[in-house]
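Q: Now for the letters of each chain:
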Amino acid sequence: MQPTVDLKQQTAAVGTRKQWKLKGTWQLHTMLLPALVIVFVFQYIPMLGLVMAFQDYEPWLGFLHSPWVGLEHFKTMFEYEDARQVIWNTLVISTLKIIFNLAIPLAFALLLNEIYVMKFKRTVQTIVYLPHFLSWVILGGILIDMLSPEGGMVNRVLTALFGIEPIFFLGDNDWFRTVVVVTDVWKECGFNTIVFLAALTSINPSLYEAAIVDGANRWQQTIYITLPSMLPIIIVVGTLSLGNILNAGFDQILNLYNPLVYKTGDIIDTYVYRVGLLNGDFSYATAVGLFKSIISFILVVTGYRLAYKYANYKIF
Amino acid sequence: MHHHYQKSLSYKIFTIFNYTFLTVAALLCILPLIHILAVSFSGSAAATANLVGLWPVDFTLDAYEKTIGNENFLRSLWNSFLRVVLGTAISMAVMLCAAYPLSKSDKAFRGRKIYMWFFVFTMLFHGGLVPTYMVVTKLGLTDTIWALILPSAVSSFNLILLINFFRTSVPKSLEEAALMDGANHFTIFWKIYLPISVPAIATISLFTMVFHWNSWFDGIIYMSDVKHYPLSTFLQTIIVQQDFTKMSVDAETLQNLSERTVKAAQIFIAALPMLAVYPFVQKFFVKGIVLGAEKE
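Residue numbers (the working numbering), protein chains in the order written: chain A, 1 to 316; chain B, 1001 to 1296.
In isolation and in its complexed conformation, chain B is listed as follows (with noise of 0.2 Å):
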């Protein structure tokens, strides 16, 4: 492992310099969430008064006392909850389905060919903001659900690394013996496919829940009452627009809301799902891209 040049004195040099510089990188990473967990765990008084720097001053419970305390940020929590649970499971279940027969050869599959740049055309040209804001409400989908899970729900490009796992991952030998023994398409889908496939479908899947965990902004346009808020839209709307307009809350509330700690709270709060789980993902991301960029 050790080579020559390593042993040069610039070399050495060198080495000092990257250590620290990709110390210093990966600090200003996680400092800024460790300034806000401080924070959050501050007094309201010495927060106000920006004496809190990274550890936590006047320790206090308070803010997450506030912040679990108030009905809408709870009720946000569990639409987002729910939007990610279904979102993931009727995305995942449309594009795995489509990704089966995309995945056939152009021979064994005529119109293959043309399925498959009808999906790629969306990922070229949009209909826009506005268009697609107007199907979505002539629907009749606003204030549902199903205004954050449709549109949305298949991704072309995870549809894409779906067909190209099942092209490169099944063995085609177990097929064709599924094929002599008369299973149809569904049982071999069902029978072959998919067991062979769940680190690609986990991996999908991950990277289904952190989209919707963290998209915000259908629910600003899709949704007018507060009561439908997804947590990332609640957010949006008391921390970075700071209206409360729409909150139909007392005063006592509102002063909690706005306080520096319980801002600093909520947003750990909604963070934390993703600190918990990007570990894992990130394992699987970085499969996903080489996957993306390797093909053919």
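So that you can see chain A by itself, here it is in the shape it has in the complex (with noise of 0.2 Å):
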């Protein structure tokens, strides 16, 4: 297709300027093509694998000759005791991960904005930062070691000041999600903030100037404009977030979870892995993926037009 564009560009050329373009744009095809070869193979090829999910997949069968089946994987997903309950550990995990991550930020990043001492603000941002750039791996290693309820150091301190028994967080159904969900806050809030005192920065100071002549204290400023002012930001990063409802964190719960707490713990992710790498039922474990896949596709693109209708948000 391309070709064909360049040879009716280059018949309707005339002058200097425009042939020296035409002449210069198979280099930046060129410049591309690393790109498009490693996106192609590692990103649309596996698409074309995607068909494994209405087949009965045998490797020694290959593509072309495996059964098909139809939606049969589809129909097991949702009579699957187990796959059930892996959506809705999904969906509860995600969901309060999205609130929490929005309105916790966004409350950080208010109070950090009514510190006036320029190193004390800085200092905590630079430590509340911290716990972003470290892996779920190390952080996963932090966190079992402090939360084991043989000597742990949370444990410890919970026992000292309230006198009660040691908790198993990692380890009990009752305690898991809420784990889950305050340790991913614990670890993002820092950096979701970045983009919330971007936006404080950027409100109009007459507009508090004006407020203050009003007679209007610090409270009701941030009620009538600081909040108003933020509302397009926090559109954004809201509908944003919508894509990943169905992300429910893999990496940290595949660090932190066991099988104890499979029932309230276990995601779609953290499944699709067990079933299809681990006990190799392929077919199986890739229509569960697609599921996600079309869910979570409807969902960003959702998100990314609200975000472009409400405030006026694009990506590129």
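Just so you know, not all the hints are guaranteed correct.
What the hints assert, rightly or not - Label-pair restraints from in silico Cβ distances:
#1 S202/A - T1020/B: 24 to 32 Å
#2 E1071/B - G62/A: 37 to 45 Å
#3 E209/A - I1220/B: 52 to 60 Å
#4 H65/A - S1152/B: 44 to 52 Å
#5 L64/A - W1117/B: 28 to 36 Å
Hints are computed from structural coordinates only; laboratory data are not their basis. All values derive from a computational prediction rather than experimental measurement. Think of the CB as a built atom: it goes at the ideal place given N, C-alpha and C, for glycine as much as any other residue.
If you follow the hints, you should be able to join the two separate chains into one complex; please do so.
A: Right, dumping it as structure tokens:
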């Protein structure tokens, strides 16, 4: 397709400037080539592999000769108690994360904004960004140690302060989701604050000056000036996180969970990994993955649309 | 700077609360690491007996000696180093080359829109874990470093950041002048775009380095032998999964690896490069995010 376009351009070309541009086009295509090949091989070919979801894929038969089963795997998925539980867990965990990862960083940014000792402000900022840069392997290692019921730091403090029995945070179905949500907010709070802080600095100071003249106190200024001015960015963050509703945090959960808490902590991604790669049930796992990809696709596109409609946000 | 409302009693009470709250929040982010650091420098018996808080008990470097003495650990450290350097270099080279044509206007580069969608679509839809795994396996990349580098070499998000940077930061007049002098695209890219883009290149390189240092899951699924594990994968296996079956080590090393102090030392060593670079990355990250948020 591309060459014909070039040819047409070439015939229509007049003037040296334009000719240069046409001669240069092949250079532009060439520069794109490595990236195109990599994305094609590692992103688009796997999409073709999704046909597995409609087959009973057997490695020795390949894609061409494996029997077709239609929507069988999708039916199985909705009939399996396991799979339904996993979808539910995913929704609960991700919804809680979306809400708290929006509300807490926003509040945090507002509080930081009231600090006028710059050194203190910068120090706090630098420290709270820290967990974002550490992987869930490192944090998992730290949390497993600190949350251990056998002398973990957290249980020691709780026992010392409130005299309660040690809690097996990572092995108790009543606690696991709470731990997942709290530790995720803990890890990402500082980082999520950045975008709100940037928005805070761009609010026109004359709005506050006018409010002060009118005798508004700081709380009233926050309610009537700060929050309304922040609304567009809040909408952008909120709508864009819609696409994450089926991403409950694969990295995190794989590093924190264990069979004791599959009931509340197993999510779609970890389920696909166990069923597909560890048990070798390729077709069924691909079907579950495809189900997730399709729903996510719809939600991401909807999110972008809403962000564009209500906050005029464009990704490119 | 000081306003009238700041003198009211309620605002003063709020300020005290605010400083206290933010201090506690900052402590919650740093104390876990200090605790791990204290454990790593403590005597094994004290750590096992849960006597260590924020300061080492029976100070010793024993755990670090055991860690450094473990050849599996050292090899994985080297693998990680290689992965970070090679992965970042390849990723940056490929993405910069792609960002240049994509930063042109639709008129100057016909077909740009189609290419853009080709990349952006991958942000919206994924083949998923199993098909991707099969592609990497079929290509024979398992147990080679390429399995850790190539699949993630082009990040559409970083690519968009680079494109936006090129579009906003390179003066069009400079480019026009070079065109008049008969320079071709390769020259313009090399002589004008790259030198101007050093801050953006540094930023995205750091993102990519952090990504490679922290990645562990690809190591688990694509490497069958511990010899090829990057550090994150190695730590995930022995500290999180506590699975020693893949290591062919003698009983004594095994004993060492499962000690709490040794685990703490390994965690801290793995965290160290991030601790060293993140204060610098942080500044760039802020810019990067703002760069990402304020588009046209």
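Q: Go ahead and decide if the range 52 to 60 Å is satisfied by the Cβ distance of E209/A to I1220/B.
A: holds (57 Å)
Q: Quick check: does the Cβ-Cβ distance between H65/A and S1152/B fall within 44 to 52 Å?
A: Violated, at about 32 Å.
Q: Starting from the hint 24 to 32 Å, judge whether the C-beta atoms of S202/A and T1020/B obey it.
A: With a Cβ separation near 29 Å, S202/A and T1020/B satisfy 24 to 32 Å, so the hint holds.
Q: Take a look at whether the Cβ-Cβ distance between L64/A and W1117/B falls inside 28 to 36 Å.
A: holds (30 Å)
Q: Does the beta carbon distance between E1071/B and G62/A stay inside 37 to 45 Å, or does it fall outside?
A: holds (41 Å)
In summary, the structure is inconsistent with hint 4 from the numbered list given earlier, while agreeing with all the others.
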